[in-house]
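Colleague: Under this note's numbering, the sequence shown has 43 at position 37, and the numbering climbs by one with no breaks.
For the record, the hints were derived by calculation from the structure and aren't laboratory data. Here a beta-carbon is modelled for each residue, glycine too, at the ideal position from N, C-alpha and C. Treat the hints with care, since some could be wrong.
To be verified - Derived pair list, reagent style EDC-like, types lysine to aspartate or glutamate, alpha-carbon separation capped at 20 Å:
| # | residue 1 | residue 2 |
| --- | --- | --- |
| 1 | K40 | E61 |
| 2 | K103 | D43 |
| 3 | K44 | D67 |
| 4 | K54 | D70 |
| 5 | K94 | E61 |
| 6 | K95 | E112 |
| 7 | K54 | D76 |
| 8 | K39 | D70 |
| 9 | K94 | D67 |
| 10 | K44 | E62 |
| 11 | K54 | D99 |
| 12 | K103 | D47 |
Stated by the list, open to error - Label pairs and their in silico Cβ distance ranges:
| # | residue 1 | residue 2 | range |
| --- | --- | --- | --- |
| 13 | N28 | N74 | 28 to 36 Å |
| 14 | T73 | A27 | 14 to 22 Å |
| 15 | K29 | H118 | 16 to 24 Å |
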Amino acid sequence: MSVSIIGCGWLGQALATRLMANKIDIIASYQSKKTSDKLADLAIPATKLVLPLSEEAITADNLDSITNVDVSLFQQSVLIIAIPPQLKKGRVDYPLKIQQLIHLAELGGTQHIILLNSTAIYNLSLIHISEPTRQAEI
């Protein structure tokens, strides 16, 4: 089995670390140098992927025609999407990002797609939520 993790923030990093400990081949994506450096420190193989992609990502009929994307991200048996919607930051392009990722995964022959979204767990709460936060506080 091989796994691609799109979005290697706190959740993706923990998942990648656990998968690697279980001898599962992974490749992760990052957008910022800070995340790239953190992934390097954790010895997590990673490649840059900035979302949303250009229009060609939706209209392409094969991965070879897409530029500025490491297509190996979409040629793994499992694709885990762990990117936040960023609604609090005013982002409205989450559906487009997901659509692009699914299309590329289909082109790459990905067998399974898993969407992780911690935002939905906390229903866009306006308070800071951490591990010790009690349910009654949410």
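Colleague: Against each hint, give a clear statement of whether it holds in the structure.
Modeller: Hints versus structure:
Our distance criterion of 20 Å between C-alpha atoms is broken by K40 and E61, whose separation comes to about 27 Å. For the hint linking K103 to D43, the alpha-carbon distance of about 24 Å lies beyond 20 Å, and the restraint is violated. Only pairs whose Cα atoms come within 20 Å are accepted, and K44 paired with D67 is rejected, the gap being roughly 34 Å. Distance hint between K54 and D70 is fulfilled; the C-alpha atoms sit about 17 Å from each other, no more than 20 Å.
Taking the CA atoms of K94 and E61, the gap is about 25 Å. The hint is violated against a cut of 20 Å. Annotation: proposed proximity of K95 to E112 is violated, straight-line Cα distance about 30 Å (limit 20 Å). As the CA atoms of K54 and D76 are separated by approximately 8 Å, the hinted pair is consistent with the 20 Å bound. For the suggested pair K39 and D70, the alpha carbons sit about 26 Å apart, so the restraint of at most 20 Å is broken.
As the CA atoms of K94 and D67 are separated by approximately 34 Å, the hinted pair breaks the 20 Å bound. Straight-line distance between C-alpha atoms of K44 and E62 comes to about 30 Å, which puts the hinted pair past the 20 Å bound. For the hint linking K54 to D99, the alpha-carbon distance of about 19 Å falls within 20 Å, and the restraint holds. Between K103 and D47 the CA atoms are separated by roughly 27 Å; this puts the pair beyond 20 Å, and the hint is violated.
The hinted window of 28 to 36 Å between N28 and N74 holds, with their beta carbons roughly 32 Å apart. Checked against the hint of 14 to 22 Å, the C-beta distance between T73 and A27 comes to roughly 34 Å, which is inconsistent with it. Checked against the hint of 16 to 24 Å, the C-beta distance between K29 and H118 comes to roughly 18 Å, which is consistent with it.
Of the hints listed earlier, those the structure fails to meet are numbers 1, 2, 3, 5, 6, 8, 9, 10, 12 and 14, in rising order.
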